[in-house]
Each structure stands twice: as structure tokens, then as C-alpha cells.
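Just so we're aligned: 69 in my numbering is position 66 of the sequence shown, and the numbers increase by one with no gaps anywhere.
Rather than coming from a laboratory, the hints here were simulated on the basis of the structure.
Hints may contain errors.
[Stated by the list, open to error] Dumping the calculated EDC-like pairs for lysine to aspartate or glutamate here, alpha-carbon to alpha-carbon at most 16 Å:
1) K78 to E196
2) K32 to E121
3) K151 to D135
4) K198 to E172
5) K151 to E121
6) K161 to D20
7) K99 to D135
8) K151 to E196
9) K142 to E172
10) K6 to E196
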Amino acid sequence: KDKVLDLAMKGKLVKQDPNDEPASVLLQKIFEEKKKLAKEGKIKLSKDELLEPKISDDNDYYEKLGYNSELNWTKCQIRDILYYEQPTKYIVHSAKYTEQGIPVLTAGKSLILGYTTENDGIYENLPVIIFDDFVTSSKYITYRFKVKSSAMKMLTLKNEEMNLKLIFELMQMIDFVPVDHQRHWISQYSQFEIKLPPTIEEQTAI
């Protein structure tokens, strides 16, 4: 993974097009669309979601590391590109697991706790990142599932012109270790910044 990202940030993984718009343009479009939907009453936004996205095309950090300073990679907060959903309606009713059926997941190391034959409240909006709100671990999931507890959040794209798998991999590079037992997504984790390539083609290649 480190080698692939190293090549990507040197502009050697895919052919670079100087005419590509930076990802900041797409992020601003996402924000304007959210405001429009909120004004029409189609979605509800929190105070944080109504704030202008924090976007930067500054490449100073990458230039110091010897990376291509002309790449249109854009630095943004995670909350500007991912929706989160609470797990309440997907929580398994019984912890008496079966050997087959729908997997019951945790975002921790064990991932699959067991299986259930319950056929209601199955999460199907795939792919998705599941995120443990307390320990901040996450998994990339491509199959239907139910969850064990309310400590999980489901993270999905705000715009399909981005690659969720790359965003997941970039999240794994965030250097953060929780020191207290609290929910971290809203208070802290979603405000961490990652750097995105300008096009979904480049994101997918990486």
C-alpha cells in the first residue's frame, strides 16, 4: 500500500492531465447540493454540515517529501465527503447466533461475531465503511449484514464521483489513538483531513 501511494503522489501511477479539475471543485459542488436539498426540506443538516467545507490545494507537505507539487490533490475533512448513519435499525435482536445466515458485524478485529436468520433490518447500501465510534477502527464491507451494538456508524459517499475504497485506505493512515471512552466520529474523527486525487479514474487506479 505504501509503495502504491508513493507512486500515486509522484504522479507515476496514472497519466496526469493538467486540465483535470482539482477535487476541491467536486467538494464545493457537494456542499452546494446539500444546502439546496436542505432548503427544499429533503434532508436535515447539522450545524457542522452547514459549515463551508475546509478545502485546500496546498501541496507544500508533499513537495517537501519529494512528491509532484503539480498534482491536483485536494486536502479535505472526512465529514465533507462521507455521510454517517446510526445503526439503530440494523441491530440484531438476539445474540443467539447461528452457523449460517446474515453475518453480524463489529468494526473491531473480530469483524464477524456470528450469523443470524433474522430477515429484517439488514444493511444493504453497499459498499460501506463500518466505523467503531469508541475505538475508531473501521472495515470496508461489500456484503449484506446486521450489527451487534449502537457503537457503530455506517459511512457512505456523499458523491458517487469518488472511490470509497481509497477513502477507506487513506483513513487507515490516520495516526490517532483514542485515550478516553467516548464517541469520536462527530467530536473529532470526522474532522481529520485526507488528501484526494482529482478524478475517480485516478482514485480507482490507486
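Status of each hint after checking the structure:
1. K78 to E196: 6 Å, holds
2. K32 to E121: 40 Å, violated
3. K151 to D135: Holds: K151 and D135 sit about 11 Å apart, inside 16 Å.
4. K198 to E172: 11 Å, holds
5. K151 to E121: 13 Å, holds
6. K161 to D20: Answer violated: K161 to D20 is near 25 Å, above 16 Å.
7. K99 to D135: Violated - the C-alpha atoms of D135 and K99 are around 22 Å apart, more than 16 Å.
8. K151 to E196: 29 Å, violated
9. K142 to E172: 10 Å, holds
10. K6 to E196: 21 Å, violated
Hint violations for this structure: numbers 2, 6, 7, 8, 10, all remaining hints satisfied.
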